[in-house]
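Place chain Y on chain D using the hints.
First to last, the sequence lines map onto chains D and Y.
Residues in the first sequence are numbered consecutively from 1, following our numbering.
Residues in the second sequence are numbered consecutively from 1, following our numbering.
Hints were generated in silico from the structure; no laboratory data involved.
Among the clues, some could well be false.
[What the hints assert, rightly or not] Subject to a maximum C-alpha distance of 25 Å in a straight line, what follows is the list of computed DSS-like cross-link-like pairs (lysine-lysine):
1) D:K397 - Y:K235
2) D:K402 - Y:K368
3) Y:K15 - D:K402
4) Y:K261 - Y:K139
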Amino acid sequence: MPEIALEMKNIIKRFPLVVANDKVNFKVYKGEIHALVGENGAGKSTLMSILYGLYQADSGQIFVNEKKVKIANPNVAINLKIGMVHQHFMLVPPLTITENIILGMEPIKSKLFVDIEKASNRVKEIAETLNFKIEPNTKIENISVGIQQRVEIIKVLYRGAEILVMDEPTAVLTPQEVEELFEILRELKKEGKTIIFITHKLNEVKALSDRITVMRGGKVVGVKNTEDTNQEEIANMMVGRKVLLEVDKKEHKFGKTVLKVNKLNALNSKKLPALKEISFEIREGEILGIAGVEGNGQTELVEVITGLRPASGGKILLYDKDITNYSPRSIREDKIAHIPEDRRKRGIILEFTVAENLILGNHYRSPFSKGLNLNFTAINKHANNLIKNFDIRPSDKENLLKSLSGGNQQKVIVARELYGEPKLLIAAQPTRGLDVGSIEFVHRQILKERDKGKAILLISADLEEILSLSDRIAVIYEGKIVKILDPKKTDEKELGLLMTGSTANKKLLKVK
Amino acid sequence: MKSIRKFDYYVLLEKITPLIAVIFALLVGAIVIKLIGEDPIFVYKTLFSNAIGNRDGWGNVLFRATPLIFTGLAVAFAFRCGLFNIGGEGQVYIGTFLATWVGFTFTNLPAFILIPLCILTAAAGGALWAAIPGILKAKKGVHEVIVTIMMNWIAASLTFFLVLKFKAPPTEAMEAAGVKQMIPHTREIAEAARLPRLYTILKTLNIDFPSYNQVNVSFFIAIAAAVLVYYILWKTNLGYEIRAVGYNPLAAEYGGISVGKNIILAMMISGALAGLVGTNEVMGFKYRWRQELFTNLGFNGIAVALLGKNHPLGVVLAAILFGILNYGGAIVNIYTEGRIPRELIMVLQAVIVIFVVISDEVVKRLIKQRRKVV
Numbered sequence: 001m002p003e004i005a006l007e008m009k010n011i012i013k014r015f016p017l018v019v020a021n022d023k024v025n026f027k028v029y030k031g032e033i034h035a036l037v038g039e040n041g042a043g044k045s046t047l048m049s050i051l052y053g054l055y056q057a058d059s060g061q062i063f064v065n066e067k068k069v070k071i072a073n074p075n076v077a078i079n080l081k082i083g084m085v086h087q088h089f090m091l092v093p094p095l096t097i098t099e100n101i102i103l104g105m106e107p108i109k110s111k112l113f114v115d116i117e118k119a120s121n122r123v124k125e126i127a128e129t130l131n132f133k134i135e136p137n138t139k140i141e142n143i144s145v146g147i148q149q150r151v152e153i154i155k156v157l158y159r160g161a162e163i164l165v166m167d168e169p170t171a172v173l174t175p176q177e178v179e180e181l182f183e184i185l186r187e188l189k190k191e192g193k194t195i196i197f198i199t200h201k202l203n204e205v206k207a208l209s210d211r212i213t214v215m216r217g218g219k220v221v222g223v224k225n226t227e228d229t230n231q232e233e234i235a236n237m238m239v240g241r242k243v244l245l246e247v248d249k250k251e252h253k254f255g256k257t258v259l260k261v262n263k264l265n266a267l268n269s270k271k272l273p274a275l276k277e278i279s280f281e282i283r284e285g286e287i288l289g290i291a292g293v294e295g296n297g298q299t300e301l302v303e304v305i306t307g308l309r310p311a312s313g314g315k316i317l318l319y320d321k322d323i324t325n326y327s328p329r330s331i332r333e334d335k336i337a338h339i340p341e342d343r344r345k346r347g348i349i350l351e352f353t354v355a356e357n358l359i360l361g362n363h364y365r366s367p368f369s370k371g372l373n374l375n376f377t378a379i380n381k382h383a384n385n386l387i388k389n390f391d392i393r394p395s396d397k398e399n400l401l402k403s404l405s406g407g408n409q410q411k412v413i414v415a416r417e418l419y420g421e422p423k424l425l426i427a428a429q430p431t432r433g434l435d436v437g438s439i440e441f442v443h444r445q446i447l448k449e450r451d452k453g454k455a456i457l458l459i460s461a462d463l464e465e466i467l468s469l470s471d472r473i474a475v476i477y478e479g480k481i482v483k484i485l486d487p488k489k490t491d492e493k494e495l496g497l498l499m500t501g502s503t504a505n506k507k508l509l510k511v512k
Numbered sequence: 001m002k003s004i005r006k007f008d009y010y011v012l013l014e015k016i017t018p019l020i021a022v023i024f025a026l027l028v029g030a031i032v033i034k035l036i037g038e039d040p041i042f043v044y045k046t047l048f049s050n051a052i053g054n055r056d057g058w059g060n061v062l063f064r065a066t067p068l069i070f071t072g073l074a075v076a077f078a079f080r081c082g083l084f085n086i087g088g089e090g091q092v093y094i095g096t097f098l099a100t101w102v103g104f105t106f107t108n109l110p111a112f113i114l115i116p117l118c119i120l121t122a123a124a125g126g127a128l129w130a131a132i133p134g135i136l137k138a139k140k141g142v143h144e145v146i147v148t149i150m151m152n153w154i155a156a157s158l159t160f161f162l163v164l165k166f167k168a169p170p171t172e173a174m175e176a177a178g179v180k181q182m183i184p185h186t187r188e189i190a191e192a193a194r195l196p197r198l199y200t201i202l203k204t205l206n207i208d209f210p211s212y213n214q215v216n217v218s219f220f221i222a223i224a225a226a227v228l229v230y231y232i233l234w235k236t237n238l239g240y241e242i243r244a245v246g247y248n249p250l251a252a253e254y255g256g257i258s259v260g261k262n263i264i265l266a267m268m269i270s271g272a273l274a275g276l277v278g279t280n281e282v283m284g285f286k287y288r289w290r291q292e293l294f295t296n297l298g299f300n301g302i303a304v305a306l307l308g309k310n311h312p313l314g315v316v317l318a319a320i321l322f323g324i325l326n327y328g329g330a331i332v333n334i335y336t337e338g339r340i341p342r343e344l345i346m347v348l349q350a351v352i353v354i355f356v357v358i359s360d361e362v363v364k365r366l367i368k369q370r371r372k373v374v
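Just chain D, same shape as in the assembly:
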């Protein structure tokens, strides 16, 4: 039997509304990469927060290296050589890499000064053992997200961690960066470190982990050796029912051109060019996927088409009607629906009820308004219908949106936007932050609209989503469409390279 690095026994953690951890048993062997998977709200993060001392369990025991411990706060965890890399990085942008890493435990020289040199050398040392290339004196604000994550990993190692908890580390990375991260984690494993990897991306689990613990509804529903299982089985365990992982997409003929974007230019919020001569078309029954690293003009593109941002040049035609720089309201009236990329910021009003959110954009029109007055009979009927058809939970239309889960908030948006038979649906990051069940639901809705002959513009940072849903893929880089590809004739690697500005060269890839 391998040595046990960590064991959590019968952990119970209650919050007033839910039992977040219900008699959870969790065991990790020394030197393994252990995937902890489950949908949002399954209790993974709560469990890890208890391990890191951010929460106290109501009952249960924790053993580190087979010794019973009590972890009252993160300092205790750090002393037990437990390190956590958070999903959202905890770095200070104007400070250098070294300064960030030593923050809170600076080496001192002459009793008064920070020994930056010593620290830098130590940072370099750690980086070299992992084959990182970093420049310890660069400021955080000048490095990419992928490198920032490495800094977080070094920070944890600098504090002597033997057990590393990685909370959804790939959420912010490009495919190339994900591959690099996996290399690093494998290297750490070779050095005997133990890694707990929280995720809900199943392909990553399969590619990286040795063993898998699956959680659902606060309970552990299964522990598997990665080689003895497959993605379908894990997905079913996570959701508690059969899930369709592969999207079922029928071949069909495309109809007339719905949206034609011609040499579109626009500025970003800093008044710099964000879109440069963008041109494309979407036909009836077609999904055009826009692939790209975030911040390359996707946000601006959607905003210009929906009237939220002025175009500085070019034309947008909807069925030959010029709608360039129309107001958001008249563009909605022309039946362009929009699932916004940041749902909490744009898509919903958290303090409004479900019923109120379901009429946003149509609130001033019949049947929801009669003259100046809102028509509550129609509003309530509409809400009840959509809640039923889209299975929005809880099903009370008077609930405030802020009390709904992310998945159900997204269902509210999808339900609202699909109402009224849009001609064009713009779906920006439609499944971001959603769990497997909700992702499946949103994908099915998008495909249903496609099969009904609607044109769909899909923007996503998730390449898997782009590849599986799109009929054509346009890659955007620095505000330009670099290439339009057929999803059947491309893969994540090629897209990843195009997205980062390199011209795709498949031969080169193979040599590597």
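Okay, now just chain Y, sitting in the frame of chain D:
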């Protein structure tokens, strides 16, 4: 996930935080009274029994509550659109002065025209004054707090200029005694522009009510305004848009709602509500404009709105509470021969506001803590 129905209790708690705040404030007040060397129970008993123990007391309370309902509604309405209108003071000035001007200028109009005209002028004056910060905010992004504060001073100076322009001629008695006006004031408004006092109405119903009591029909206008505010905010699509802009302007914009238009409209409605203070102060009480710099009605409206949780019903109740404290405080001052100063009431009001803010925040954190399901 197992659900435990404990949550509604906190929602209820969130709704009644003002009540908790008032109780705590009264306790603090009791300590202060004790420190002054008086008996808190006697003081509070005197305060409340005189303020709400008889009809005359109620009349005085409602008379004092009326302008606070208007300015409280003004602050609450703007707040629903995400705006902090602290220019109630200036809007009160302009609305009231214009209504007075109409009242003493068109003296040959009949009451059924002149009264509505004066009311509308009061509202229009406030709306006009509030439109300026609204437009600046909507078009140029200038913060409404800065602009409304400055507009208060402009309004004060402007009305001061105007009152000197329209100064009433000295009366015969004054001329004989050789006195000049102490505080500048205008001529009285026409009889036909005056709102009836409540006692004239109650008299016809054979209800006993002192004729010197100043409560007048303006109180009913205030209640009507509160109902109207409720109706606009929650029953019309304009209210839907205003609240959408207040909660999340980006989502409102996404939903095809013009953020700028609603900001201007919300400011104007807010200003109109503040302007209506003139119906009580001039049309129902003094019948003329007297220059008294900053009556603080606009600022007290902020406290009233805060205590009333920006809801029309809450605003009415909070204004009545402030009316009770104001009137009862004055009575206590007399009963204790000045040992309990009227300023105690100001302290109480301030403590209430502080406790509302604190208890709001405490309950919010409690709920957040309970709701935290990572």
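- Message: Run through the hints listed earlier and report the numbers of any the structure violates, in increasing order.
- Response: Those not satisfied: there are none.
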